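*Asks:* Sequence:
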Amino acid sequence: MRLRVSRAVTVVSAVMMIVGLSLLSAAWWLRPIEVAQAALTRGDLERAAQQYGVSRQRFGRTIFATSLFPDLADLVTANELSLQYSLRRYDRILEVTAGSDTAPGPTSFWAGCALFDRSLVQPDADAKLGMMSEAHQAFRRALEAAPSDWDARFNYEMTGRLLSILREQPQASTEEMIRLLRERGPQP
291 MRLRVSRAVT VVSAVMMIVG LSLLSAAWWL RPIEVAQAAL TRGDLERAAQ
341 QYGVSRQRFG RTIFATSLFP DLADLVTANE LSLQYSLRRY DRILEVTAGS
391 DTAPGPTSFW AGCALFDRSL VQPDADAKLG MMSEAHQAFR RALEAAPSDW
441 DARFNYEMTG RLLSILREQP QASTEEMIRL LRERGPQP
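Read in order, the letters of the sequence shown correspond to residues 291 to 478 in the numbering used here.
Read the hints as simulated data drawn from the structure, not as lab findings. Quick caveat, the model's predicted, so the values are computed rather than measured. Don't be surprised by glycine CBs; every beta carbon is placed ideally from N, CA and C. Hints should not be assumed to be uniformly reliable.
Between beta-carbon pairs, the in silico distance windows are [said to hold, decoys possible]: (1) Ser-303 with Glu-336: 43 to 51 Å; (2) Phe-444 with Ser-376: 31 to 39 Å; (3) Ala-316 with Arg-337: 21 to 29 Å; (4) Gly-310 with Gln-412: 37 to 45 Å; (5) Phe-354 with Ser-463: 44 to 52 Å; (6) Ser-303 with Trp-440: 25 to 33 Å; (7) Ala-298 with Trp-318: 29 to 37 Å; (8) Leu-314 with Thr-464: 47 to 55 Å; (9) Gln-427 with Leu-358: 41 to 49 Å; (10) Arg-469 with Phe-354: 50 to 58 Å.
Can you make the complete structure from the sequences, with help from the hints?
*Replies:* See the structure below:
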């Protein structure tokens, strides 16, 4: 006795196998995001940043992934850069953002934050002015990419005010800049 399998059953079985293998592949491919979230929950910022970096690199190497899941790619990049900032790895932030064509808002925002922090501790007046100017431009790009982002707006306006103080008094220390900022009061 020989069983005959209908063509429909064969097609359905093949489709189910393809879907199943695709889902398994997607689960493996997205695993670093899950590991990063678990590490973040445990408070292991180092591991979380590393795993978000792995995910960002996967998105960078897989052309269609960024097209299919642009919000996820942007979220992964933003989370990695936020963690790198928390760990005070400004060089790493600037390295990631230098060649990035994804997430212009988050990459510009975190680059601006890194440049701003670096400018505050820069002893050379010209270098301080240059970094503050770069931070201001990075925040402008972040604001252009996401006009409703109030953090980007605040940082853009604040760096602009500090930049004008530095142009007037290039030798001003961070403490002097803050004092002058307070004396001038809020801008309309």
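*Asks:* Please go over all the hints and tell whether each is borne out by the structure.
*Replies:* Here's how the hints hold up against the structure:
no.	hint	result
1	Ser-303 with Glu-336: 43 to 51 Å	45 Å, holds
2	Phe-444 with Ser-376: 31 to 39 Å	19 Å, violated
3	Ala-316 with Arg-337: 21 to 29 Å	22 Å, holds
4	Gly-310 with Gln-412: 37 to 45 Å	56 Å, violated
5	Phe-354 with Ser-463: 44 to 52 Å	51 Å, holds
6	Ser-303 with Trp-440: 25 to 33 Å	53 Å, violated
7	Ala-298 with Trp-318: 29 to 37 Å	31 Å, holds
8	Leu-314 with Thr-464: 47 to 55 Å	53 Å, holds
9	Gln-427 with Leu-358: 41 to 49 Å	31 Å, violated
10	Arg-469 with Phe-354: 50 to 58 Å	53 Å, holds
Of the numbered hints stated above, those contradicted by the structure are hints 2, 4, 6 and 9, listed in ascending order.
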